[in-house]
Amino acid sequence: MSVYLKNFLRFTFILLIQVLILNKIALRWWAQPAGFPVFTPFIYPLFILLLPFETPVWALLMLGFIAGISVDTFMNTAGMHACATVLIAYLRTNVLNALLPKNLSEYPNQSPSVKNMNWMPFLVYASFLILLHHTIFFVLELWSVSNIGYLLLKIFASSITSVLFIIVYLLLFTRQVNARS
Amino acid sequence: MRNFILFVRRFFNLILFLVLEIVCIILIARTNTIQGNDIMSSANTAAGLMYKQQNDVVYYFGLRRMNDSLVNENARLRLEMAAYKSFDTLRDTNVRIAIQSTDTNKHIVEYNQYFYRTARVINNSVTEANNYITINRGSKDGISKNMAVISGTGIVGRIVHVSAHFASALSVLSVKQKVSAKLKTGEIGYITWDGVHPDVMAMEDVPQQIKVKRGDSVFTTSYSFFPADILIGTVYKTSSIKKNNQQILYLHPSTNFRNLQYVYVVENKMMDERKQLEDSVKAK
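Chains as they are written, first to last, in the working numbering: chain A, 2 to 182; chain B, 1276 to 1559.
Just to be clear, a hint being listed does not mean it is correct.
[Claimed, not checked] One side of the interface only, derived from the structure: several residues of chain B facing chain A at Cβ under 10 Å:
hint: 1; residue: Leu-1281
hint: 2; residue: Val-1283
hint: 3; residue: Leu-1289
hint: 4; residue: Leu-1295
hint: 5; residue: Ile-1300
hint: 6; residue: Ala-1304
hint: 7; residue: Thr-1306
hint: 8; residue: Asn-1319
hint: 9; residue: Val-1401
hint: 10; residue: Glu-1403
hint: 11; residue: Asn-1406
hint: 12; residue: Arg-1412
hint: 13; residue: Val-1450
hint: 14; residue: Ser-1529
hint: 15; residue: Asn-1531
hint: 16; residue: Glu-1548
Honestly, the hints are just simulated from the structure, not real lab data.
No residue lacks a Cβ here, since even glycine has one placed at the ideal position from N, Cα and C.
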């Protein structure tokens, strides 16, 4: 399967999961604690995170913009998701360069995955960018710092939940780990 | 010129990044204006069709609950009808009788100001700071912007985006939408939402000297785009603000926003005329 088709299918699949399933559930960590945020997990930034190593930055930016705008369309938040996703698409190359021992050009025809990065670096890579994405998104959404404790709580809690959902996605739908022989 | 091209080539990624971010910020800024943008909303045809497909599947799971709510609403409406049919002239000082346009011997004519259309909710959320509801009716069915949306039990929101077959409404659960409200006794205030709890709304601007009990109802006023006297919720807590001699009433909304199935879109036929008059006064 060509790499373009594969990534296009993955984009469609992740977008469908995000819009049809995850947007419908409202998670709360405890039953009814006062002031504790309700949130939906966002896994669609995973599409940007899993693009091949060699993708040029301009393509990452354009794909990030398209992915963000698509989610925005479904959630009536014109521009907010796109803004956050374009930012992580821009920073993706730098974060990968910092985390990987070799230069990015030495990984031909490969995508970031647990298989070639190991769990720890991959999780650091994913969590950092997801945290950044959620920070931008929730700051834009709430657009006030009067309730900064609530804002921070919402950012951290939803980032952790999103990362958990991303791990579940990776375990379910990708061949990330070598089969034990 | 050559230097400029070199500069652009060197910083192409940064420039593209900045351009895209600026586009996003313009989009965000534009959604907060009155015109909004209909292309980037769940009212557009692609998103609407997808939500409709999904709703067609999920729809059946809520049928029992929906039946119950419809029966309750029918009972309430029957009660109201009965009140109109029989009246006691000794007790009632003013009597309202339905007037046919063919009746010539009655002198009071009350216009049928509101027109109700039913619609099915095909997408709904309560977790955002500004929640939207997508319904399966659009401009082809006569829906237009700024119409009120109510449910069988209370208020829901206001139509903000319309396409041919779908429309999306900004719910009352939104930090940027305030709704004018009144108590049973007639005191006016407005309803806000904190952006956190879908079961809690606050009524502000109520003077402290007004006694409000738990369980008092709050209704819409005719000041807003909603029809008057629609239930908003019941008060469960009051707290007074020392500095401006006012109190905040916390209420549970009577609409359950988590499982909205059917809503009514209310067209106010007098709204344009009223808006025109109010704007012409403001212009002076």
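Inset, instruction - Against the earlier hints, flag every one the structure doesn't satisfy and list their numbers going up. - result: 1, 2, 12, 14, 15 and 16
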